[in-house]
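Visitor: Residue numbers (the numbering used here), protein chains in the order written: chain R, 1 to 304; chain W, 1 to 335.
Among these hints, one or two may not hold up.
Derived pair list, reagent style DSBU-like, types lysine-lysine, alpha-carbon separation capped at 30 Å [stated by the list, open to error]:
no.	chain 1	residue 1	chain 2	residue 2
1	R	181	R	197
2	R	215	W	307
3	R	204	R	304
4	W	226	R	214
5	W	226	W	84
6	W	226	R	37
7	R	29	W	84
8	W	203	R	197
9	R	134	R	215
10	R	257	W	226
11	R	292	R	149
12	W	307	R	122
13	W	66	R	238
14	R	181	W	203
15	W	84	R	238
16	R	179	R	214
17	R	215	W	203
18	R	37	R	238
19	R	214	W	103
20	W	84	R	257
21	R	256	R	214
22	R	215	R	238
23	R	215	W	103
24	R	103	R	172
Not close to chain W: a few residues of chain R, all C-beta gaps over 12 Å, as computed [what the hints assert, rightly or not]:
no.	residue
25	108
26	125
27	171
28	232
29	264
30	271
Pairwise CB distance ranges, derived in the manner of DEER restraints [to be verified]:
no.	chain 1	residue 1	chain 2	residue 2	range
31	W	215	R	232	32 to 42 Å
32	R	176	W	307	16 to 26 Å
33	W	67	R	60	48 to 58 Å
Derived by calculation from the structure, the hints in this document are not laboratory data. Because the structure is a prediction, the values reported are computed rather than measured. All C-beta atoms in this analysis are idealised placements derived from N, C-alpha and C, irrespective of residue type, glycine included.
In case you want the letters, here they are:
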Amino acid sequence: MSRLRKLSPAALLLLALPLLAQNNTVVLKRAWVDHYKDRATIDAGFFVDHAHKRPNQPAADGDMHVAGRAPREVGLPMVAEVMNAAQPGQAAAVAEIHALEGKNQQAPVSGAWRFWFEHPAKRQVQFDDVPVAKNTNPDHSFEIHPISKFDRNGISGSFQPIPGFQPYDADKAFGLYEKLKVTVSANSSAISISAAKAMYNYAKFEITLLGSPKKLDDGGYAVLANVNGAADEAIASKVRMIFVPGTPPLQQLLTKKMGDGDTMRVIGIPRINLNAIETFATASGGKSLTRKLPYEMIIAAVAK
Amino acid sequence: MGSFPYLDLAIGISFIYLLLALMCTTINETIAGILNSRGKTLEKGIGELLHDKELQAKLYAHPLIKGLQQGAKQRPPSYIASHKFALALMDILTGSNPASDSKALQAGIDALHNSDTKTLLTAVLQDRSRPGGPQQHIQAWYDEGMNRVSGWYKRTSQIRIFVLAITVTLLMNADSLRMMRTLWNNPTLSAVMVESARDRLQKGRPDVEDQPMVTYDDPNDPTASKPTQIPERDLITADERQLLGQVTGWQGEWYTEWLHLGKDRKLTWDGFWSWIGFLVTNRLGGWLITILAVSLGAPFWFDTLNKFMNVRNAGKPPAKGTQPPPVETVEVTAS
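Construct all of the structure, not just a fragment, from the sequences and the given hints.
Guide: Dropping the structure here:
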């Protein structure tokens, strides 16, 4: 027994160690999730804290990162990104972003909301105080990416393939997306989402639509689709594809009246599917459960 | 004991907790499935929301909701999406008029027998703090009500898991302190536990965690997600059951102690109470640790086991061709 007495505290200490290791967690307000779960975009009053002096090189993705805050609409550390930022069509928006940088002056910004653990912090709680960003890439899980409008400058035409940039191969990107896990718990007012760091922003892939596109509350569209791999087999099935209002991909979807069985080659950005998260959190009674991460793709361009 | 005695002990005990937690999960889901507790909780929640049994009966008979009933016995659905609830309710209230007809909707509410329901629904529709029309108002009201239902289900499920943890622990006499002592004193068994734990880890996390959260059954409605019904279980194998049997159980203890403590080695009440006293003083602490540990759930212990195993593997890569030692039966006796 004396050996056991010495042993028990050590064993219990060992058993307690895993409690110290956790995923990255964001706590979102349920009302916010409910509002945005079936919208392509978000409109926010945005303070520009830091912006890249110039857009990323085309080979690096051609985006321009803007770190800032939208305390009323988002309430999380965040980054907004202009796609194809070096192209002339985005020049006015880029200039205005620089004009507002560090001025603590709010400007309206619209674009695809994107919740993804690409640059996560250990824990962030929505609508807690959000500090002024110290650089262009603070720890964040929330983005407006791509931006479709900055102040009066509509840049939805920027949803085009990025010249000189090679998007990720579909098999590689979806191979990762399909393996991601998430732990969700909830109470009546908040949903806690924990996951490991994720990556692969722009992926190029072919989709086969499974039904008719459905118009969302903000004028965007969603459609369920299978993602086809190099071997012509579905590498992901029934994934929601999100089309942003006024963008070339949506124009193509609507003008060609695409529907069940039609295919499209696109470039997309993954984000967490809040529709699935909300449904699951409600049905699971709020208990902490781990499942495959539900994701959807923001269609950023029609691939050539 | 091997090169990592404390680590092997931690792996062994985590593995045992994982197996016990898997047993509890299996039993819990089986009970939940038989009782349809999700469906019943939802039914109760909708009853409290509407305050009108007649209206609730009509709602459950509406084709939009009836189509969600489960199985041959047409058990009540375990989940109703807010838009389906709102559309069904509006359709019932508006009668032969279109469900979107606001005047017909108000008339339908006015015609209800239950004054509480009348007042409630009128207030919901007139709530100016919510955006959107009547359907959005009803959906938001329903979602708020369902948050409460989620809370009930969560509490019920937690209580059931805890009761199951107690039951399994006592039935199997899973005393953590005794299990640790057994593993510590028997390096062979400890080594077998480590190997079995490794096999268990290679099977991957409990299958349930690879499952999608929802399904989209209607290809034309990518907003109508339905939670995936998942059998939350991952059955333990016969070998694992055999291992569990070597560190748990009442082998001999329940009657030999009773006999030993009774006068003249006969089954007497004095002997029985002495035996109970023995269990309380010698087993209670270990049982409590097991109950708390098992209540943490299988995914937790799977992750914990994985972390311990990673530490062990980092410390000493397994030699090629190493075979696990043969299983040694351990006699467990009361101390």
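Visitor: All hints, please: hold or fail.
Guide: Evaluation of the provided hints:
no.	hint	result
1	R:181 <-> R:197	holds (10 Å)
2	R:215 <-> W:307	violated (45 Å)
3	R:204 <-> R:304	holds (10 Å)
4	W:226 <-> R:214	holds (17 Å)
5	W:226 <-> W:84	holds (11 Å)
6	W:226 <-> R:37	holds (14 Å)
7	R:29 <-> W:84	holds (23 Å)
8	W:203 <-> R:197	holds (24 Å)
9	R:134 <-> R:215	violated (38 Å)
10	R:257 <-> W:226	holds (27 Å)
11	R:292 <-> R:149	violated (33 Å)
12	W:307 <-> R:122	holds (19 Å)
13	W:66 <-> R:238	holds (25 Å)
14	R:181 <-> W:203	holds (16 Å)
15	W:84 <-> R:238	holds (21 Å)
16	R:179 <-> R:214	holds (27 Å)
17	R:215 <-> W:203	violated (42 Å)
18	R:37 <-> R:238	holds (17 Å)
19	R:214 <-> W:103	holds (28 Å)
20	W:84 <-> R:257	holds (27 Å)
21	R:256 <-> R:214	holds (15 Å)
22	R:215 <-> R:238	holds (17 Å)
23	R:215 <-> W:103	holds (27 Å)
24	R:103 <-> R:172	violated (41 Å)
25	108	holds (19 Å)
26	125	holds (19 Å)
27	171	holds (19 Å)
28	232	holds (20 Å)
29	264	holds (15 Å)
30	271	holds (14 Å)
31	W:215 <-> R:232: 32 to 42 Å	violated (24 Å)
32	R:176 <-> W:307: 16 to 26 Å	holds (22 Å)
33	W:67 <-> R:60: 48 to 58 Å	holds (51 Å)
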